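Protein chains in written order, with the UniProt record's numbering: chain A, 1 to 535; chain B, 1 to 315; chain C, 1 to 270.
Simulated from the structure, these hints should not be mistaken for laboratory data. Just so you know, not all the hints are guaranteed correct.
Some residues of chain B that are not near chain A, with every Cβ distance over 10 Å (derived) [said to hold, decoys possible]: (1) 60; (2) 165; (3) 170; (4) 177; (5) 218; (6) 221; (7) 242; (8) 288; (9) 307.
Facing chain C, a subset of chain B residues (Cβ under 7 Å, in silico) [what the hints assert, rightly or not]: (10) 17; (11) 90; (12) 92; (13) 96; (14) 149; (15) 244; (16) 248; (17) 252; (18) 303.
Just so you know, these numbers come straight off a predicted model, no measurement behind them. Ideal Cβ positions, reconstructed from N, Cα and C, are used throughout, including at glycine.
The primary structure of each chain is shown beneath.
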Amino acid sequence: MTLLAVRDLSLRIGPTPILSDVTFDIATGEVFGLVGESGSGKSMTALALMGLLPGTARTEGQAHFGDIDLLAQDDAAMTRLRGRDVGMIFQEPMTALNPMKTIGDQVAETLLIHRAASRADARRVAREKLERVGLPPDRFPLSLYPHELSGGQRQRVAIAMAIALRPRLLIADEPTTALDVTTQAQILDLLQGLVRDEGLALLLITHDLAVVAGMARHVAVMQHGRIVETGPVERIFRAPGKDYTRQLLAASDHRPARKPQMPTSNPQALLSVDNAVREYVLPRPSAFAAHPRLRAVDGVSLAIRPGESLGLVGESGCGKSTLTRAILGLDALQGGTIRLGGAPVIAGRSMSPTLRARVQAVFQDPYGSFNPRHRVDRLVAEPFHLIGLPPDAEDRIAAALEEVGLSAADRHKYIHEFSGGQRQRIAIARALIIRPDLIVLDEAVSALDVRVRAQVLDLLARLQESHGLAYLFISHDLSVVRAVTDRVLVMQSGRIVEAGETARVFASPEHPYTRRLIAAAPTIPDAWKEHAHAD
Amino acid sequence: MTRYLFRRTLSLALSLLAASLVIFLAIEIVPGDPASYMLGLNASPETVAALRDQLGLNAAPPARYLSWVGGMMRGDFGISYTYRVPVADLVAQRLQVSLPLALFALALSALVAFPAGLLAAARRGRATDTAIMGATQLGIALPNFWFAMLLVLVFALHWRIFPAGGFPGWDGGIGAGLAALTLPAIALALPQAAILARVLRSALIETEGQDYIRTARAKGLTRTQTLIRHALRNAMIPVLTILGMQFSFLLAGAIIIENVFYLPGLGRLIFQAITQRDLIVVESVVMILVFAVILVTFLVDLAYALVDPRLRRRA
Amino acid sequence: MRLSLHLGLALTLAALLAAGVSLLWTPYDPAALSIAEKLRPPSAAHWFGTDHFGRDIAAMLMAGARTSIAVALVAVGIGMGLGVPLGLLAAARHGGMADEVVMRGNDLIFAFPSLVIAILITAVFGPSAFNAILAIGIFNIPVFARVARGGALSLWTLDFIRAAEVAGKGAVRISAEHILPNISNLLIVQGTIQFSLGILAEAGLSYVGLGAQPPTPSWGRMLAEAQTMVTLAPHVAIFPGLAIVLTVFGLNLLGDGLRDRLDPRLRARA
Numbered sequence: 001m002t003l004l005a006v007r008d009l010s011l012r013i014g015p016t017p018i019l020s021d022v023t024f025d026i027a028t029g030e031v032f033g034l035v036g037e038s039g040s041g042k043s044m045t046a047l048a049l050m051g052l053l054p055g056t057a058r059t060e061g062q063a064h065f066g067d068i069d070l071l072a073q074d075d076a077a078m079t080r081l082r083g084r085d086v087g088m089i090f091q092e093p094m095t096a097l098n099p100m101k102t103i104g105d106q107v108a109e110t111l112l113i114h115r116a117a118s119r120a121d122a123r124r125v126a127r128e129k130l131e132r133v134g135l136p137p138d139r140f141p142l143s144l145y146p147h148e149l150s151g152g153q154r155q156r157v158a159i160a161m162a163i164a165l166r167p168r169l170l171i172a173d174e175p176t177t178a179l180d181v182t183t184q185a186q187i188l189d190l191l192q193g194l195v196r197d198e199g200l201a202l203l204l205i206t207h208d209l210a211v212v213a214g215m216a217r218h219v220a221v222m223q224h225g226r227i228v229e230t231g232p233v234e235r236i237f238r239a240p241g242k243d244y245t246r247q248l249l250a251a252s253d254h255r256p257a258r259k260p261q262m263p264t265s266n267p268q269a270l271l272s273v274d275n276a277v278r279e280y281v282l283p284r285p286s287a288f289a290a291h292p293r294l295r296a297v298d299g300v301s302l303a304i305r306p307g308e309s310l311g312l313v314g315e316s317g318c319g320k321s322t323l324t325r326a327i328l329g330l331d332a333l334q335g336g337t338i339r340l341g342g343a344p345v346i347a348g349r350s351m352s353p354t355l356r357a358r359v360q361a362v363f364q365d366p367y368g369s370f371n372p373r374h375r376v377d378r379l380v381a382e383p384f385h386l387i388g389l390p391p392d393a394e395d396r397i398a399a400a401l402e403e404v405g406l407s408a409a410d411r412h413k414y415i416h417e418f419s420g421g422q423r424q425r426i427a428i429a430r431a432l433i434i435r436p437d438l439i440v441l442d443e444a445v446s447a448l449d450v451r452v453r454a455q456v457l458d459l460l461a462r463l464q465e466s467h468g469l470a471y472l473f474i475s476h477d478l479s480v481v482r483a484v485t486d487r488v489l490v491m492q493s494g495r496i497v498e499a500g501e502t503a504r505v506f507a508s509p510e511h512p513y514t515r516r517l518i519a520a521a522p523t524i525p526d527a528w529k530e531h532a533h534a535d
Numbered sequence: 001m002t003r004y005l006f007r008r009t010l011s012l013a014l015s016l017l018a019a020s021l022v023i024f025l026a027i028e029i030v031p032g033d034p035a036s037y038m039l040g041l042n043a044s045p046e047t048v049a050a051l052r053d054q055l056g057l058n059a060a061p062p063a064r065y066l067s068w069v070g071g072m073m074r075g076d077f078g079i080s081y082t083y084r085v086p087v088a089d090l091v092a093q094r095l096q097v098s099l100p101l102a103l104f105a106l107a108l109s110a111l112v113a114f115p116a117g118l119l120a121a122a123r124r125g126r127a128t129d130t131a132i133m134g135a136t137q138l139g140i141a142l143p144n145f146w147f148a149m150l151l152v153l154v155f156a157l158h159w160r161i162f163p164a165g166g167f168p169g170w171d172g173g174i175g176a177g178l179a180a181l182t183l184p185a186i187a188l189a190l191p192q193a194a195i196l197a198r199v200l201r202s203a204l205i206e207t208e209g210q211d212y213i214r215t216a217r218a219k220g221l222t223r224t225q226t227l228i229r230h231a232l233r234n235a236m237i238p239v240l241t242i243l244g245m246q247f248s249f250l251l252a253g254a255i256i257i258e259n260v261f262y263l264p265g266l267g268r269l270i271f272q273a274i275t276q277r278d279l280i281v282v283e284s285v286v287m288i289l290v291f292a293v294i295l296v297t298f299l300v301d302l303a304y305a306l307v308d309p310r311l312r313r314r315a
Numbered sequence: 001m002r003l004s005l006h007l008g009l010a011l012t013l014a015a016l017l018a019a020g021v022s023l024l025w026t027p028y029d030p031a032a033l034s035i036a037e038k039l040r041p042p043s044a045a046h047w048f049g050t051d052h053f054g055r056d057i058a059a060m061l062m063a064g065a066r067t068s069i070a071v072a073l074v075a076v077g078i079g080m081g082l083g084v085p086l087g088l089l090a091a092a093r094h095g096g097m098a099d100e101v102v103m104r105g106n107d108l109i110f111a112f113p114s115l116v117i118a119i120l121i122t123a124v125f126g127p128s129a130f131n132a133i134l135a136i137g138i139f140n141i142p143v144f145a146r147v148a149r150g151g152a153l154s155l156w157t158l159d160f161i162r163a164a165e166v167a168g169k170g171a172v173r174i175s176a177e178h179i180l181p182n183i184s185n186l187l188i189v190q191g192t193i194q195f196s197l198g199i200l201a202e203a204g205l206s207y208v209g210l211g212a213q214p215p216t217p218s219w220g221r222m223l224a225e226a227q228t229m230v231t232l233a234p235h236v237a238i239f240p241g242l243a244i245v246l247t248v249f250g251l252n253l254l255g256d257g258l259r260d261r262l263d264p265r266l267r268a269r270a
């Protein structure tokens with residue numbers, strides 16, 4: 001039975017068209033996936049259905065929900081509907097809850113605002129719902145504040161708020177994108193359980209095809225504000241009808257062609273980390289207690305050989321970033337040593353610029369990685385600070401830009417004139433320009449859409465081969481690490497819990513944590529991919 | 001919470017210590033010999049020596065500082081050189097005017113600013129908002145002492161509703177006292193209210209852009225409900241900061257305004273002391289003013305903890 | 001709000017122009033006494049009338065603009081010159097000793113409103129326009145330090161600072177090359193606000209006798225002298241007050257307009 005029938009939904013904000021003729025059906029009690037890259041209009045579709053668009057937005061078309069048209073309701077009618085018949089959760093659990101109110105009050109508010117219960121009943125229901133989403137009363141009393149919970153727990157509270165009145169439809173906009181992979185798996189499990197037990201339908205909006213493959217019965221693929229293709233998930237994945245869908249599927253588990261480095265071919269380590277320790281002093285828990293200490297990096301040893309790709313995976317807070325800063329010579333260690341080509345890496349002025357010049361880095365955020373006031377030539381030339389500006393700097397800037405697939409003329413532009421993918425290419429050009437031996441790629445493709453990500457991974461593979469570069473590839477995304485590294489290290493709570501050849505670690509993980517990580521990562525079933533790989 | 005309280009109290013004590021040192025240095029060390037300064041050029045060496053003796057200036061500076069601070073802790077602020085009475089008594093008497101005036105103005109300012117700020121935020125971008133914002137922009141530009149002169153011109157001299165100046169004392173009844181403070185309080189309050197209203201409006205608008213406001217709307221709250229139930233409390237943090245800072249502006253403003261209305265408050269006292277070169281009074285009154293500002297900052301910090309659970313309890 | 005920016009710019013330029021022209025020309029000598037002409041209402045000969053000594057108010061206002069603007073400008077210069085480097089230092093050493101010292105120093109100065117600083121200076125050295133500059137300037141230091149530190153802290157979290165560190169650049173170089181240019185908008189906007197507050201503060205200090213002394217012309221002192229004559233000749237009090245209000249109003253509008261113009265967040269939303 002159809003619960004929601006969206007027909008020819010079009011949307012403009014001011015003069016800009018955002019959505020055109022969006023049409024799809026969601027059946028009662030099903031999970032419906034809405035996938036697309038950033039800016040495709042997925043979130044706007046959800047906000048249009050909820051009536052939460054900005055004031056300048058104009059919609060056309062219909063969205064039949066039972067016997068009413070969601071798009072034809074005035075704000076008062078939508079207010080009665082929201083939270084009661086349609087619930088919604090958002091991407092960023094860290095900011096989605098009011099920091100000033102207890103979680104009990106925030107869940108109970110859903111009932112109180114719709115006058116569905118007395119104050120005491122509302123708290124009782126809040127208690128039940130929090131328990132239902134996996135927050136038992138003994139550890140999670142109603143009196144907790146959001147800042148006392150982790151991201152995953154906060155997302156559970158947000159879900160409890162959204163389902164408190166048993167709505168028929170739950171809209172989840174990228175509900176797990178901001179979460180670690182094991183937490184993501186738990187939240188997806190919870191959502192699936194709710195659909196099964198409470199009979200609600202779930203509109204799951206995501207950029208991650210693997211998440212949809214594991215969750216949804218039907219899927220719609222969006223691009224540029226239009227539905228490219230819609231149908232049952234398995235059929236779309238096995239036999240995509242449109243080029244765009246095919247490209248997305250191919251890019252989502254793209255493996256660049258690369259020659260694996262044989263571990264024996266070059267035994268001399270380029271970078272060696274030996275028993276590294278880095279502690280942080282935390283604030284005192286009470287006025288006279290001693291400062292507790294956190295061992296962010298706890299006895300880590302690793303080695304990278306010239307020309308090798310080493311992966312480092314782990315969830316947020318595992319110590320990856322601290323280790324990275326130490327390797328880059330930005331923060332000092334408290335124990336252990338780091339050697340680069342035999343010379344010690346020490347944070348501060350004592351480390352020679354020529355040694356520093358042997359390692360460069362590419363960071364995650366394509367938007368925050370560049371000084372917006374400098375032109376591209378100055379941005380790319382920044383590492384020359386280490387070795388002195390060479391006489392042929394201009395030519396080398398042009399060459400570096402061309403190497404990453406941009407044109408030499410781009411060096412006169414400012415960074416805001418480039419897309420996210422182009423910016424990561426410029427970041428790679430910046431790292432490459434002084435010909436380092438090692439590039440640290442710190443979540444360097446994590447913020448990119450799948451198709452762009454595939455292109456950047458290809459570029460990295462090509463540069464590695466032509467320049468004999470070594471990569472330290474730091475990522476939370478297992479599929480990417482699997483696709484581009486020779487060896488992989490798994491990090492948990494400051495320690496390396498497993499190390500080995502990438503293929504071996506993924507095929508037969510030894511440490512329980514590694515197994516948990518791999519099991520939690522969503523994947524598209526191999527059986528669905530046969531056709532795609534055939535052509 | 002105890003940790004927060006402990007840190008704040010420690011910083012209160014340190015600020016007071018540093019402030020008292022600065023004041024002591026400025027008044028007693030920088031000018032050279034305070035006694036000859038106070039007596040002027042024509043004083044005979046004997047008189048100067050006598051005053052030095054009376055003020056205890058022959059002791060070493062550290063000892064003088066300690067005895068000054070120790071005295072203040074016991075409520076002994078020294079004896080005014082010109083009035084020949086304990087400074088503490090003078091100050092206590094003058095505070096009966098200055099403190100009610102500052103509080104009256106603070107209350108007025110909040111009373112005007114909160115509705116104006118809320119209304120402007122709720123009607124954001126519409127005519128009401130533009131009108132309120134235009135008015136506040138003018139309010140901020142208004143020098144309070146000039147505004148006070150205009151108020152006197154209209155309400156005291158033309159319409160004769162309020163007295164033009166002077167203070168009858170509280171003995172004559174609360175009504176007469178309040179009437180004498182009304183125009184000064186309005187003159188002080190309105191420019192401050194303009195600032196407060198602007199801060200409240202922008203804090204509310206900033207808060208309304210937060211994710212949790214969208215979450216609240218998705219739960220079925222109306223725009224007004226989200227404003228009252230979710231935005232207001234979160235917007236209180238910047239508003240508290242400004243309220244705290246306003247106290248010091250009001251205090252400084254009161255010193256000026258007392259001169260417009262001939263009110264016998266701390267402001268008049270300190271200006272008389274400056275003209276009469278009574279450094280004892282200047283030193284103590286400045287310390288009291290600074291103490292008041294530091295204390296209010298401390299109270300605002302405590303208020304943060306009441307408003308914000310993140311400071312109250314620790315994860 | 002295009003209009004507010006333009007109106008603000010016009011009012012600010014008018015004040016600057018009046019101050020500039022007064023160096024070369026004023027309708028009358030602002031110090032020339034003429035008891036026969038005292039307390040004349042505005043007329044063709046004296047646009048804004050005359051005061052109790054028969055001095056031309058228009059001429060005095062032009063000369064007074066010079067004092068107000070000079071005091072406020074120098075005070076902003078002191079605040080920026082000392083506050084911005086301190087704020088940048090505090091941000092670069094965030095959480096460290098230098099940060100703590102700068103912030104505590106800031107708190108300490110905040111406990112001394114500029115009027116109190118002026119009282120302290122005047123009590124010891126006697127009143128002068130220089131006191132006003134010093135008092136307002138000192139109070140500006142923590143304001144700029146705070147703005148610079150806040151802006152710098154949010155930039156220090158960005159990856160382009162990481163990239164500069166990887167390129168071997170130290171905190172001083174990064175602050176000068178990457179941080180300062182990116183907080184210049186914030187500083188310009190804060191500068192106009194402190195400029196307008198400086199004009200208000202100078203007027204207040206001169207009004208109570210802690211600022212400019214005769215014969216230095218000053219709006220605040222004109223108001224102090226007008227106070228006893230308000231009933232007799234309101235224009236003596238009204239015009240200097242209007243001069244202050246319009247200048248400060250203009251600067252505030254300019255600051256708001258610049259903020260809307262320079263803040264990329266707001267620009268993108270518009």
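If any of the earlier hints don't hold here, list their numbers in rising order.
5, 6, 9, 10, 11, 12, 13, 15, 18
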